[in-house]
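**Q** Work out the full structure, taking the sequences as your base and the hints as a guide.
Number of protein chains: 2
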Amino acid sequence: MQSFNPPIRTLMGPGPSDVHPRVLLAMARPTIGHLDPAFIGMMEETKAALQYAFQTENELTMPVSAPGSAGMETCFANLVEPGDKVIVCINGVFGTRMKENVTRLGGDAIVVDDAWGEAISVDKVAQALSDNPDAKLVAFVHAETSTGAQSNVKALCELAHQHDCITIVDTVTSLAGSELRVDDWGIDAIYSGTQKCLSAMPGISPVSFNARARHKLTNRKIPVSSWFLDLNLVMGYWGKGAKRAYHHTAPVNTLYGLHEALVMLTEEGLENAWARHWQNHLELKQGLEDLGVDLVVKEGDRLPQLNTVWIPDGVDDLATRAALLNDYNLEIGAGLGDLAGKVWRIGLMGHSSRKENITLCLAAFKNILNK
Amino acid sequence: MQSFNPPIRTLMGPGPSDVHPRVLLAMARPTIGHLDPAFIGMMEETKAALQYAFQTENELTMPVSAPGSAGMETCFANLVEPGDKVIVCINGVFGTRMKENVTRLGGDAIVVDDAWGEAISVDKVAQALSDNPDAKLVAFVHAETSTGAQSNVKALCELAHQHDCITIVDTVTSLAGSELRVDDWGIDAIYSGTQKCLSAMPGISPVSFNARARHKLTNRKIPVSSWFLDLNLVMGYWGKGAKRAYHHTAPVNTLYGLHEALVMLTEEGLENAWARHWQNHLELKQGLEDLGVDLVVKEGDRLPQLNTVWIPDGVDDLATRAALLNDYNLEIGAGLGDLAGKVWRIGLMGHSSRKENITLCLAAFKNILNK
Chain U
156 MQSFNPPIRT LMGPGPSDVH PRVLLAMARP TIGHLDPAFI GMMEETKAAL QYAFQTENEL
216 TMPVSAPGSA GMETCFANLV EPGDKVIVCI NGVFGTRMKE NVTRLGGDAI VVDDAWGEAI
276 SVDKVAQALS DNPDAKLVAF VHAETSTGAQ SNVKALCELA HQHDCITIVD TVTSLAGSEL
336 RVDDWGIDAI YSGTQKCLSA MPGISPVSFN ARARHKLTNR KIPVSSWFLD LNLVMGYWGK
396 GAKRAYHHTA PVNTLYGLHE ALVMLTEEGL ENAWARHWQN HLELKQGLED LGVDLVVKEG
456 DRLPQLNTVW IPDGVDDLAT RAALLNDYNL EIGAGLGDLA GKVWRIGLMG HSSRKENITL
516 CLAAFKNILN K
Chain H
156 MQSFNPPIRT LMGPGPSDVH PRVLLAMARP TIGHLDPAFI GMMEETKAAL QYAFQTENEL
216 TMPVSAPGSA GMETCFANLV EPGDKVIVCI NGVFGTRMKE NVTRLGGDAI VVDDAWGEAI
276 SVDKVAQALS DNPDAKLVAF VHAETSTGAQ SNVKALCELA HQHDCITIVD TVTSLAGSEL
336 RVDDWGIDAI YSGTQKCLSA MPGISPVSFN ARARHKLTNR KIPVSSWFLD LNLVMGYWGK
396 GAKRAYHHTA PVNTLYGLHE ALVMLTEEGL ENAWARHWQN HLELKQGLED LGVDLVVKEG
456 DRLPQLNTVW IPDGVDDLAT RAALLNDYNL EIGAGLGDLA GKVWRIGLMG HSSRKENITL
516 CLAAFKNILN K
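So the sequences go chain by chain: U and H.
Just so you know, we're using this note's numbering here: the first sequence kicks off at 156 and counts up by one.
Just so you know, we're using this note's numbering here: the second sequence kicks off at 156 and counts up by one.
It is possible that some hints are incorrect.
Put simply, identical chains are the same to the list, so a pair is met inside one copy or across any two.
[Stated by the list, open to error] With a straight-line Cα cutoff of 30 Å, these simulated DSBU-like cross-link-like pairs (lysine-lysine) come out:
id, residue 1, residue 2
1, K398, K254
2, K521, K510
3, K371, K254
4, K395, K510
5, K497, K398
6, K497, K395
7, K309, K254
8, K279, K371
9, K240, K376
10, K371, K497
11, K376, K254
12, K291, K376
13, K521, K497
14, K497, K440
15, K291, K240
16, K279, K309
Hints were generated in silico from the structure; no laboratory data involved.
**A** Spelled out as structure tokens, the structure:
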């Protein structure tokens with residue numbers, strides 16, 4: 156057994172995206188204790204920078220010590236109590252996973268289905284809310300990583316609030332890549348990832364809860380089934396004015412990495428990051444269309460950071476992705492679920508969203524598809 | 156907001172221990188995709204090396220993508236079904252946490268209490284098993300991180316099996332630091348940490364399940380309440396011969412770090428690592444006794460990697476630890492729970508278990524205590 160030296164790839168799949176060398180080096184800094192006063196100071200800066208990234212003043216804003224899937228589970232495990240009726244919108248893999256969360260936690264999932272690759276229909280959600288006046292929560296994905304479609308968060312939150320429901324929103328792929336305004340849009344509970352448009356390593360998951368969501372979690376009738384994810388306990392370590400009581404050992408070096416990624420976000424400016432993702436999307440889209448490769452999602456609903464395209468007729472999915480990886484060290488994503496074998500997912504996220512990557516990707520595609 | 160440059164500490168608390176520079180540098184290697192063929196190869200090596208570290212041939216041996224507390228929850232969430240009676244041994248903080256896990260999952264916890272700082276009484280467990288012939292599981296901590304006491308795993312597992320119970324064993328602090336033989340001792344389900352005697356970064360948790368434990372988890376009547384920790388799903392990504400189906404995005408760089416730590420363990424040899432921890436413990440113990448500082452745990456039950464000592468009469472806990480940290484950059488651990496304010500915990504774990512650290516620690520103590 157020998158040390159592992161990974162190949163040097165360009166990551167243009169659905170995440171992880173290329174991690175910036177500054178973030179990689181930050182992770183290599185010497186580990187200190189998770190209760191060290193110097194570490195506590197870094198935690199405070201991280202929380203403040205996450206509030207900026209989320210555009211929120213929510214006090215409960217922090218990274219969960221596990222990947223985005225655990226961020227999702229943090230929201231559901233804390234907010235869903237057995238018997239709670241939850242409207243779950245499904246227009247891709249991650250909506251399906253939300254339903255699985257609700258069911259396992261003893262909730263009653265009312266599914267609103269939309270076609271994969273389309274935005275969530277606000278009208279259908281309105282109907283579901285009318286049909287289920289006892290619903291307590293509405294859960295949906297802002298940026299569906301499996302399809303590249305984005306939905307109208309603001310409209311869905313307004314609607315949910317008219318029916319006195321709490322919203323849980325998945326923004327794993329949107330955070331720092333396209334417009335996202337937690338407070339202005341009225342999102343109650345949100346989770347995201349670090350390995351997409353923040354260009355940090357995978358492994359932790361920023362979350363944020365507003366007062367309405369906190370009220371539900373602090374007034375539960377039975378404890379959260381997960382000790383590890385129970386925010387009532389976690390906040391003893393991460394919370395404002397908390398005594399930094401030991402709950403679990405924080406992933407110290409991973410948090411160094413997130414902190415550095417957030418420093419870089421503040422340097423670039425959030426709106427500049429959104430604009431960069433958008434401009435690069437336009438350039439990639441033009442190039443793909445010139446090659447005769449069509450986007451799956453209709454204009455207006457497209458995510459700039461995740462471009463899902465139909466695999467052209469007669470082109471071999473596996474062979475093409477293998478050629479990109481082996482001959483160009485370029486990773487793109489396969490289709491998931493209903494779209495497996497039919498689409499590719501081309502990410503332009505965070506540090507991967509750069510002109511040179513678009514150029515490489517288009518040139519490599521041209522070489523392979525013209526064979 | 157600026158880049159965070161941590162102070163350079165010597166970590167002699169209950170973990171994290173000093174992370175070896177080789178592990179830090181491994182984490183800084185370029186991120187690749189969690190489905191990249193090169194990454195899959197590294198995963199296989201990591202599983203094999205964890206089997207070596209655990210001394211097991213269990214096929215289900217892998218790191219959970221979250222800290223040790225989530226490793227604990229992985230064992231309980233997968234193996235405890237609502238209504239299951241579980242004998243839980245409590246002789247410190249982590250036994251208490253086990254009970255909390257059982258209760259939140261709908262299990263019925265039968266507590267066997269022992270004094271903090273003492274080993275678990277095999278006789279009391281025998282009595283509890285006789286009193287509860289319908290018990291399904293026995294859970295206990297091998298190496299109590301809150302007290303520094305170790306218990307007789309082999310005897311407890313034999314006893315549990317006589318009563319047809321499955322064992323769940325916490326070895327967060329023992330793995331790679333003192334003798335641990337999963338197969339020889341008959342452990343059914345085990346979890347550990349990376350940030351103790353493996354000297355890797357905190358954030359992931361190795362687990363291993365034998366055939367008996369797997370049988371229970373694959374024959375559950377209701378699904379695991381946690382989607383994220385459900386091993387029936389996780390094994391689609393990590394399992395032998397699995398299709399490497401996407402479950403969650405693996406913490407790629409953290410896994411680089413664990414891989415490197417395991418390379419170093421194979422270089423040193425597991426039994427040599429155990430012997431090093433033991434020799435360094437004897438040296439520290441002698442030095443502490445020369446300073447008039449007494450160990451809490453009685454000889455025979457002491458963990459070599461975690462030395463819990465009584466705070467001498469008239470000595471200020473907080474002021475002493477602050478002086479060690481501020482004047483010597485040396486971190487030791489405070490007491491937890493019942494032992495808060497009464498003891499210190501001095502770790503000699505992994506890369507921290509070195510002669511120069513013992514020398515520094517003893518000299519610093521001498522300077523401070525003689526004031």
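**Q** Within a copy, between copies, both or neither: which one fits K291 and K376 at a CA-CA cutoff of 30 Å?
**A** both (15 Å within a copy, 28 Å between copies)
**Q** Given a CA cutoff of 30 Å, do K497 and K398 count as a within-copy pair, a between-copy pair, both, or neither?
**A** between (52 Å within a copy, 19 Å between copies)
**Q** At most 30 Å between alpha carbons: which applies to K398 and K254, within, between, both or neither?
**A** Between copies only: 24 Å across chains, 36 Å inside a chain, cut-off 30 Å.
**Q** Is it within, between, both or neither when you check K291 against K240 at 30 Å Cα-Cα?
**A** So K291 and K240 pass the 30 Å test inside one copy only (6 Å; across, 33 Å).
**Q** My question is about K309 and K254: at a cut-off of 30 Å on alpha-carbon distance, are they close within one copy, between copies, both, or neither?
**A** Classified as within: same-chain Cα gap 21 Å, cross-chain 42 Å, threshold 30 Å.
**Q** Check K521 against K510 for me: Cα-Cα at most 30 Å, and say if that holds within a copy, between copies, both or neither.
**A** within (17 Å within a copy, 60 Å between copies)
**Q** For K521 and K497, with the copy left unspecified, which applies at a CA distance of at most 30 Å: within, between, both, or neither?
**A** Within one copy, since 19 Å is at most 30 Å while 70 Å is not.
**Q** Please sort K376 with K254 into within, between, both or neither, judging by C-alpha distance up to 30 Å.
**A** both (22 Å within a copy, 19 Å between copies)
**Q** Classify it for me, K279 with K309: is the Cα-Cα distance of at most 30 Å met within a copy, between copies, both or neither?
**A** This pair counts as within: shortest intra-copy Cα distance 15 Å, inter-copy 59 Å.
**Q** Give the relationship of K497 and K440 under a CA distance limit of 30 Å: within one copy only, between copies only, both, or neither.
**A** Only inside one copy: K497 and K440 sit 18 Å apart there, 65 Å across copies, limit 30 Å.
**Q** Reference check for the pair K497 and K395, CA-CA at most 30 Å: within, between, both, or neither?
**A** between (47 Å within a copy, 28 Å between copies)
**Q** Can you give me the call for K240 and K376, within, between, both or neither, at a CA distance of at most 30 Å?
**A** both (15 Å within a copy, 23 Å between copies)
Against the hints set out earlier in the document, violations occur for numbers 4 and 10.
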